[in-house]
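Asks: The opening residue of the sequence shown carries number 1 in full-length UniProt numbering; numbering runs sequentially from there.
Keep in mind that the hints are not guaranteed to be accurate.
Said to hold, decoys possible - If you anchor each label on the Cβ, the simulated ranges turn out as follows:
#1 R116 x D226: 15 to 25 Å
#2 A255 x F97: 21 to 31 Å
#3 A255 x H196: 31 to 41 Å
#4 F97 x E187: 41 to 51 Å
#5 K250 x R212: 51 to 61 Å
#6 P72 x T104: 35 to 45 Å
#7 S132 x A165: 29 to 39 Å
#8 E256 x S219: 46 to 56 Å
#9 S219 x G135: 22 to 32 Å
#10 M168 x G120: 49 to 59 Å
#11 S259 x E215: 47 to 57 Å
#12 A227 x L79: 15 to 25 Å
#13 D246 x M218: 40 to 50 Å
Source of the hints: derived by calculation from the structure; they are not laboratory data. For each residue, glycine too, the CB sits at the ideal point set by N, CA and C.
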Amino acid sequence: MSADANSCPVPPGESLDTSPTPITTAAEEGGQHAAGQDTKPAEADAEADAEADAEAGKSTSSTINPEPEPVPEPALPPLSPAEFREYNRLAVKMEYFHDHFRQTYNMIYEAARTGRRPMGMSLKKFLDEGISLVGYLEAHHGIEESYLYPILARKMPQFRTAAEAAAMSSPSSSAGGGKKQKQADCELLRQHRAIHAGMDVFESYLRACRNRERELEMSVLKDKMDAWGDVLFRHLDDEVREISADVMRKYWTVAEMRSFPI
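Work out the full structure, taking the sequences as your base and the hints as a guide.
Replies: Have a look at this one:
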């Protein structure tokens, strides 16, 4: 029996597998290796995208679910002309006095700004006009703080002293005293004090000029008016607004308005 020199003997009971063995090229091996390396960056990118989506959700949550806006007060029924006149009565009377204060202040201030007194007005008359303005404002504020504000403060917090506000919140509480208490007073009362602080310096200068202790200098007078002019005019507007019909009707009845001693 002859045999092929290149053939190999097969053990008994086993068959020879003649199917071809797959051959993997270097390029394919490199591709498989690269594919294995790309899985980690892909996972990292997915995590980064998820975090970005979460942050985007946070940033838009305030837009999607904004803070609830405060509920506006219900509209009050319209007032009849007679009711409006009654509710607005105090504001009309107050504005009458305030207009006088504005006119006098503006007359003196314009003279100080331009360096010229009104035509035909003597120096003594000019100085007396300024001193009289101080006296009128002091009397006006004294009446308000002694009579009007305490009545309004019974229902309106914008007219209360610190002690009144503390008593309203708790009968047993105390607002203290001195400078700390004054700082806790309502805004209108704080405006009074700011006006008087500047007005006192203004008055002292005018009196010194009238007594010939100093010579009147319009530029100096202007500086002494600038110190309290802004707060004066703001106060004149604020006070009338706080006792106007639109505000008063929120706190008082028409019958109560008729009982005001002004």
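Asks: If a hint holds in the structure, say so; if it does not, say that too.
Replies: Hints and how they fare:
Checking the proposed 15 to 25 Å range against R116 and D226 shows it holds: the Cβ atoms sit about 18 Å from each other. Evaluation of the 21 to 31 Å hint for A255 and F97 yields a pass: the beta carbon distance comes to about 26 Å. Taken as a hint, the range 31 to 41 Å holds for the pair A255 and H196, whose Cβ atoms sit roughly 36 Å apart. Remark: the range hint 41 to 51 Å for F97 to E187 is contradicted by a beta-carbon distance near 20 Å.
Between K250 and R212 the beta carbons are some 54 Å apart, a value that agrees with the proposed interval 51 to 61 Å. Checked against the hint of 35 to 45 Å, the C-beta distance between P72 and T104 comes to roughly 41 Å, which is consistent with it. Roughly 34 Å separates the CB atoms of S132 and A165, a value that falls within the hinted 29 to 39 Å. Range check, E256 to S219: Cβ separation about 50 Å, and the 46 to 56 Å hint holds.
At about 25 Å, the CB distance of S219 to G135 agrees with the hint of 22 to 32 Å. Separation of M168 from G120 is about 53 Å and conforms to the stated range, judged on CB atoms against 49 to 59 Å. For S259 and E215, the Cβ-Cβ distance of about 53 Å falls inside the hinted range of 47 to 57 Å, so the restraint holds. About 40 Å separates the C-beta atoms of A227 and L79, a value inconsistent with the hinted range of 15 to 25 Å.
In this structure the supplied range 40 to 50 Å holds for D246 paired with M218, their Cβ-Cβ distance being about 41 Å.
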